[in-house]
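Asker: Residues per chain are reported as follows:
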Amino acid sequence: MFKRHQNFALLILFLALFAFFSFFTRRFFSAPNIEDILSGYSFMAILAVGQAFPIMTRGLDLSIGSNVGLGAMILFDLDKVFHLPGWASIPISVTACALAGCVNGLLVTQLKLQPFVATLATLAAFRGTVYAVSGRQLYPELATQSVKDPWIRSLEGFLDIGHLTGLSRFVRLPSLPFSFLALLVVAVLAHVVLNRTRLGLNLKTVGGNPEAAHLAGVSVRRTQIVAYLACGLCAGIVAVLLVARFTTATEATGTGMELTTIAAAVIGGVTLRGGSGTVAGPILGAFLLGIILIGLTLMGISQFTQQILTGAILLGAVYYDRLTSDRQKSASGGVA
Amino acid sequence: MTSRDEQPGNGNRRNFLKSAAYGTVAIGAGLTGPEVLSSSIGQARAATDKNLKMSFIQFLPHTVPAAWSKGIEDVLLKQGNIEYQLLDGQAKIEVQISLMDTQINDGVNVIFLQPVDSVAIGPSIAKARRAGIPVITLNIDAVEDHAAHVEMSHYAGAMDIAKAMGAALGGKGKVAIINAPPGIVIRDQRTNGFVDGLKKYHPNIQIVADQPADWDRKKAQEVFTTILAAHPDVAGAFGVNDSMALGVVDVARDKGLLGKLVVFGDDGEKDALESIEKGELTGTQYTDVYQQGRFAAAAATVIASGGVDASSFHSKGHLLIPYIIATKETVGQIQPNQRW
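Chains as they are written, first to last, in this note's numbering: chain A, 326 to 661; chain B, -18 to 321.
In case anyone wonders, no lab produced these hints; they're calculated from the structure. Possibly wrong hints are sitting among the right ones.
Simulated coverage check for chain A against chain B, where a stretch passes if three residues somewhere in it have a Cβ under 8 Å from a Cβ of chain B [said to hold, decoys possible]:
| id | segment |
| --- | --- |
| 1 | 545 to 552 |
| 2 | 572 to 579 |
| 3 | 620 to 626 |
Across the chosen pairs, the derived CB separations fall in these ranges [to be verified]:
| id | chain 1 | residue 1 | chain 2 | residue 2 | range |
| --- | --- | --- | --- | --- | --- |
| 4 | A | Q439 | B | K241 | 41 to 49 Å |
| 5 | B | P303 | A | A457 | 39 to 47 Å |
| 6 | B | G88 | A | V496 | 17 to 25 Å |
| 7 | B | I188 | A | F354 | 52 to 60 Å |
| 8 | A | M624 | B | A211 | 50 to 58 Å |
| 9 | B | G88 | A | I486 | 20 to 28 Å |
| 10 | B | E255 | A | L484 | 42 to 50 Å |
The calculated lysine-lysine pairs, modelled on DSSO-like cross-linking and capped at a C-alpha distance of 27 Å, are [claimed, not checked]:
| id | chain 1 | residue 1 | chain 2 | residue 2 |
| --- | --- | --- | --- | --- |
| 11 | B | K297 | A | K473 |
| 12 | B | K108 | A | K473 |
| 13 | B | K153 | B | K51 |
| 14 | B | K199 | B | K251 |
| 15 | B | K108 | B | K297 |
| 16 | B | K297 | B | K51 |
Quick reminder that beta carbons are idealized off the backbone N, C-alpha and C, glycines included.
Construct all of the structure, not just a fragment, from the sequences and the given hints.
Answerer: Here it is in structure tokens:
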């Protein structure tokens, strides 16, 4: 119930900021700008959903950005070096990222490393691998060539809902970028897994109290591995979407995304103590960060202000989480 | 439907205005003092009363884009009807693309751009062109066609660096390149210029290492320390920008190699010039970056006030800014107001 309240509070904040920027900024509330927000931040929202899985099991994935970079570079290499068609290279890249996520899970469960340490190590290792396998480093002439595979390029398309519904005669509706449609699919699947399957229940149980989950017969290790695998899978999907958007893969692709996704997930009510969280929260958190950047840019306000505001919202979200947790404890007579 | 460009006479007018834009820049390039240049551009004030908006999306905060931005502001703010905004790409291509989208949607008249990646920014530049917004790149070119590119003369400058470095080494020895990350055209231009310069002027000099240090002084320290361990007899290093060259100087200072190691940078920032005066850095390619920004702004002003839109540019204008190779002998020629 408290999480629902937090999501509701977040939704109110999101709508208030959206209304504020729409009122005070020229062209913020316009179809092209909404298209830009959707295409610019859907991939971050997918990553935030992915990040929510390990956080729910009391972990976190610092390597998510490097994993995106790895998937993107594998896809680039398969296209430009090995000339593999997109129908083959796309699933290979996504699978590679899912396996990389699985490696994180194994490090945490089998070697019993702290998630922070394990994924910090793989953050460096995956990024190093990106440089090592980079077709742009190995074949410098590829560095200034773009990916032209039609399967990959088609993923940067838009769905013109105005035209499809016939409403374009009356109003200019934003077209929906493919990355947003991918986000909707990921969100629905993640929601179903979390709320309608045994796995979802296990994820929250393990995150809430691993010992109790173990005593109840839940395989804690397997559940944790699946959480990191899901995170890797989201990284793989985003890697493909970014290569389609950039028409290349850079060695720096995904750098710094780990912190943004953790921030989006936490702002979205996924508590770092584990055991709870929703799918809608991280998505809303990611788009909240997006509208702040775009809104302030359109207002001509320095991006440093955006970073300060993001930090303040993050602090507010953590404080709110703490407050609700304390209330929950007092309501249950001090038993966590 | 007839497009504006297909209308008789428009093509000639556009070509004239395009020529005028570069003409103004060329005239500017012949002037030496910033005051003279500014007043000249001031006289060519926008012929329209319409308020204009221009933005510069930088790679990341650094002395070079900061100086460009100051140069751009010098020109644009004097026009009286141009609103200017500096935006930070945070060294992330996805941020830069998002900012490009925002500026295109906001209907700015010209975008100045220092791309994070020459290929990945391509779709955004194409989008700007479709929206009729000219894009002017600074120093780092993009593979997608755009209105103009204003650069420090990377290739020729790096050739001259190779010539000067070879002379300082006595025409023989081993050298290393501390490079930019791949995927940026400037990396190829400067590397190729340096390699071709050594081949042409000092064929007995051997390049034993070429490693990226991501434009960063600290990273360059780590990279060069490793190179030095692998090749203790390395006698010289070329940092593809000054920050990386100064990183090599830091290592040379720690290892007691100052004065023995020949180190050249590229750009000509204030810290590098001071280091040359102290006898630490051997030399750098110096460009008056304030002027570079002013030239870009001059072209932008003429393009925007003349109503030239991006679709009028059938080929990219390419402007090379004059430079000198600053060494202990020549660095004194650079006046305090030209240091950035």
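Asker: Now, for every hint given, state plainly whether the structure supports it.
Answerer: Going through the hints against the structure:
no.	hint	result
1	545 to 552	violated (count 0)
2	572 to 579	holds (count 6)
3	620 to 626	holds (count 3)
4	Q439/A x K241/B: 41 to 49 Å	46 Å, holds
5	P303/B x A457/A: 39 to 47 Å	41 Å, holds
6	G88/B x V496/A: 17 to 25 Å	20 Å, holds
7	I188/B x F354/A: 52 to 60 Å	56 Å, holds
8	M624/A x A211/B: 50 to 58 Å	51 Å, holds
9	G88/B x I486/A: 20 to 28 Å	24 Å, holds
10	E255/B x L484/A: 42 to 50 Å	56 Å, violated
11	K297/B x K473/A	23 Å, holds
12	K108/B x K473/A	17 Å, holds
13	K153/B x K51/B	41 Å, violated
14	K199/B x K251/B	18 Å, holds
15	K108/B x K297/B	16 Å, holds
16	K297/B x K51/B	24 Å, holds
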